[in-house]
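Novice: Which chain is which? The protein sequence lines are A and D, in order. Residue 243 in the numbering used here sits at position 243 of the first sequence, and the numbers go up by one each step. Heads up: take any position in the second sequence, counting from 1, add 258, and you land on the numbering used here.
Keep in mind the hints are simulated off the structure, nothing from the lab. Virtual Cβ for every residue (Gly too), placed ideally from N, Cα, C. A couple of the hints might just be wrong.
What the hints assert, rightly or not - Cross-link-like lysine to any residue pairs, in silico, SDA-like; alpha carbons within 25 Å at most:
1. A:Lys76 to D:Gly353
2. A:Lys114 to D:Gly520
3. D:Lys629 to A:Phe92
4. A:Lys114 to D:Asp586
5. A:Lys58 to D:Leu638
6. A:Lys114 to D:Tyr407
7. A:Lys77 to D:Phe471
8. A:Lys102 to D:Asp391
9. D:Lys602 to A:Ala185
10. D:Lys296 to A:Arg88
11. A:Lys221 to A:Ala185
12. A:Lys114 to D:Asp391
13. D:Lys602 to A:Glu25
14. A:Lys102 to D:Phe525
15. D:Lys362 to A:Arg88
16. A:Lys149 to A:Glu25
17. D:Lys362 to A:Ala255
18. A:Lys117 to D:Lys629
19. A:Lys114 to D:Ala454
20. A:Lys229 to D:Ala410
21. A:Lys102 to D:Met573
22. A:Lys77 to D:Asn570
23. A:Lys102 to D:Gly520
24. D:Lys469 to A:Ser96
25. D:Lys296 to D:Leu630
26. A:Lys114 to D:Phe471
27. D:Lys469 to A:Pro111
28. A:Lys117 to D:Thr610
29. A:Lys58 to D:Lys469
30. A:Lys114 to D:Tyr464
31. A:Lys117 to D:Lys296
32. A:Lys117 to D:Leu358
What the hints assert, rightly or not - Short, incomplete list of chain A residues facing chain D, as computed with Cβ under 8 Å:
33. Leu52
34. Val53
35. Asp86
36. Trp95
37. Asp105
38. Ala112
39. Leu113
40. Asp126
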Amino acid sequence: MKNLSKGAIILATLALFAAASAVAEPTGAEIMLAVYVRPQGNDMSGVLTMTLVDARGKERVRSLKQISGSYGSVDKKLMTFQSPADVRGTSFMNWSYAETGKGDDQWIYLPALKRVKRISSEGRSDYFMGSDFTYDDLGDRQPSEDIHKLTGSETVDGEACWVVESVPKDPKDIYSRTVTWVSKAKNLGLKREYFDRRGALLKTLRISSSESVAGVWVIMKAEMHDVQKDHRTRMEFSDVRINAGIAEGEFSERAMTR
Amino acid sequence: MQKTRLVAASVAFALATAGIFSLAAEDGVLLHGYGRSKVGALLEDGSWFISENTLDLRLSCETGDAAFYANPVLYERAGEVQLPELREAYIELGGDAFDLRVGKQQIIWGKGDGVFITDIVSPKDLSQFLIPDFEELRLAVTGARLDLYAGAHGLELVWLPWFTKTITPGATSLWAPAMPFPITPTFVNADIPEFALASGEYFAKYAFMGKAFDLSLTGGWFWNDTPSYAVLAKTLGAGGLASLTVEPEYYRTVSAGYALSGSVGPFVLRSEGAWYGDRRFQGNPMVYADGYAEKNAIQYLVGTDFSVAGINFGMQFIQDFILDHEEDLVEDRIQNTATFVVVKTFLRETLTVELFSYVGFDAPDALIKPKLTWDVSDALEIFAGAYIFLGDSGDFGQYDGNDGGYIGAKMSF
Numbered sequence: 001m002k003n004l005s006k007g008a009i010i011l012a013t014l015a016l017f018a019a020a021s022a023v024a025e026p027t028g029a030e031i032m033l034a035v036y037v038r039p040q041g042n043d044m045s046g047v048l049t050m051t052l053v054d055a056r057g058k059e060r061v062r063s064l065k066q067i068s069g070s071y072g073s074v075d076k077k078l079m080t081f082q083s084p085a086d087v088r089g090t091s092f093m094n095w096s097y098a099e100t101g102k103g104d105d106q107w108i109y110l111p112a113l114k115r116v117k118r119i120s121s122e123g124r125s126d127y128f129m130g131s132d133f134t135y136d137d138l139g140d141r142q143p144s145e146d147i148h149k150l151t152g153s154e155t156v157d158g159e160a161c162w163v164v165e166s167v168p169k170d171p172k173d174i175y176s177r178t179v180t181w182v183s184k185a186k187n188l189g190l191k192r193e194y195f196d197r198r199g200a201l202l203k204t205l206r207i208s209s210s211e212s213v214a215g216v217w218v219i220m221k222a223e224m225h226d227v228q229k230d231h232r233t234r235m236e237f238s239d240v241r242i243n244a245g246i247a248e249g250e251f252s253e254r255a256m257t258r
Numbered sequence: 259m260q261k262t263r264l265v266a267a268s269v270a271f272a273l274a275t276a277g278i279f280s281l282a283a284e285d286g287v288l289l290h291g292y293g294r295s296k297v298g299a300l301l302e303d304g305s306w307f308i309s310e311n312t313l314d315l316r317l318s319c320e321t322g323d324a325a326f327y328a329n330p331v332l333y334e335r336a337g338e339v340q341l342p343e344l345r346e347a348y349i350e351l352g353g354d355a356f357d358l359r360v361g362k363q364q365i366i367w368g369k370g371d372g373v374f375i376t377d378i379v380s381p382k383d384l385s386q387f388l389i390p391d392f393e394e395l396r397l398a399v400t401g402a403r404l405d406l407y408a409g410a411h412g413l414e415l416v417w418l419p420w421f422t423k424t425i426t427p428g429a430t431s432l433w434a435p436a437m438p439f440p441i442t443p444t445f446v447n448a449d450i451p452e453f454a455l456a457s458g459e460y461f462a463k464y465a466f467m468g469k470a471f472d473l474s475l476t477g478g479w480f481w482n483d484t485p486s487y488a489v490l491a492k493t494l495g496a497g498g499l500a501s502l503t504v505e506p507e508y509y510r511t512v513s514a515g516y517a518l519s520g521s522v523g524p525f526v527l528r529s530e531g532a533w534y535g536d537r538r539f540q541g542n543p544m545v546y547a548d549g550y551a552e553k554n555a556i557q558y559l560v561g562t563d564f565s566v567a568g569i570n571f572g573m574q575f576i577q578d579f580i581l582d583h584e585e586d587l588v589e590d591r592i593q594n595t596a597t598f599v600v601v602k603t604f605l606r607e608t609l610t611v612e613l614f615s616y617v618g619f620d621a622p623d624a625l626i627k628p629k630l631t632w633d634v635s636d637a638l639e640i641f642a643g644a645y646i647f648l649g650d651s652g653d654f655g656q657y658d659g660n661d662g663g664y665i666g667a668k669m670s671f
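Turn these sequences into a full structure, and let the hints steer you where they fit.
Specialist: Okay, structure coming up:
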């Protein structure tokens, strides 16, 4: 009994060490999985202002209303442009599916044509509305698409972060690797560097403001800087509401045309 | 002199635009729109045939479940200010499961690009053939439209007590089409269907939007927007027909159709088709006493859109059938047409290059419309384009001498 107790104590101590090590040093894959599965609410609405700044400092501003929600295995998003004037009322709707290999369904409504049209899905590496964000940058990239490696810990804007390097499994990916600084407290990426296929730094993403809304960490301000072209895109969310109870029926042809 | 007038008019439009914008801001009225200047010339002789300034205003006001919308448009063409047009003006009431819109409104149906198979409600302004943007080809209709919603399903009912006809080019217009008669006839004025509750037009559409596909089923009992020509009198001479008097007639017709689109991998596939009952087709006036025969007809299209290396492509094949066809009709039993569109953006989507074309396989003939649009700023757009007709006959080839180009600028606010 004594020997047994001694053995149990040793085993328990080893287990505690292992657990402590795991808490202190999770793997890169575990960190990115935690970012991916962090609570994001069932639905979200807000106003997104996107400011494009070229190398000479000339600005172009796009403002759009956005609603999104998860309904079973389908994530739905509807964006309606408020400005500039020539695209006012234009709306995009996207339905994406958890099912592997199933492409998104997308529609566009152009007020001039007064018609909702199903369109072919944008390539994930295409840039969104002339910005520095690709559709993939804006979406939830599955952690299983990359090989992750924890490279260290650093502080970003006063927050302790894990530094994780991610290398795409797909050799045709537009990035050769990305490096992400993940807040240890929020499971939220605060900074990311994107490297082109030649291995040179292409873009830097900085999150300058995040807020907890209804218990969910929401990125409020972000800036993507294309360092090779010295072009920037600032994104700012306002009027953000989480779990407001957006019905699935809001993602409809009627909603697009209103 | 004309150039001076154009410049002066452009400045006046810009000032008027700025003034209205300021007024709207002060009054809190939601007002937007654009001012646009556009000039175009024929390639053959360099003569200007488009010199147009446009002020297009969109006024909307929303209170609770009710909304008001108006779209007045002012044109100045060839130095002369036209009467203001009210492209749309309607009141809309909305509920959880319905929308009711009453007034002058454009109602656009169908899934085809540049083809109007189930798009049977709003007539068109064809005074410049298919040269203007598709937005400006549409004419509004006056009546009531009720939309009912249940989940992904919708039902639309339209009642039009006022008849609106398609605007066709004048006899002396560049765009006057070849007439389906062996000699030049004498025309008498058409009888336009008058306002009457019983003689209204009725349309219905069921629509479904889903994961795999979108579907709409359409039907209508309506006045044909483009007239047939009824022979009123004819005289025969030694060489055959010596004189002919015809009257344009608007007549009742019925139609039932479908429109379907779906995503298959990187492709969007679509199809649209309709059956038209007792449509009138012009024929040899020596054979047909009325100058036409009533036949059922079918029109359908199949098409696809896809994207390769950031370039968007679209193509459609369209086929027209006249059922129970007779040899002495002017139109062939089957007509085959295709459309192609290619669009590519550059410079962060500020520069758009697009090419839209119709190809007729029977004549053969074609219309090719390339266009370049540059967004100089969020408000200012400069554009240039051309329209090239190929062939000697057919819907497009008949305008072979009308090849032209245009350039313009548009200020949105």
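Novice: Just pull the numbers of the violated hints for me, sorted ascending.
Specialist: 4, 8, 9, 13, 19, 20, 29, 31, 34
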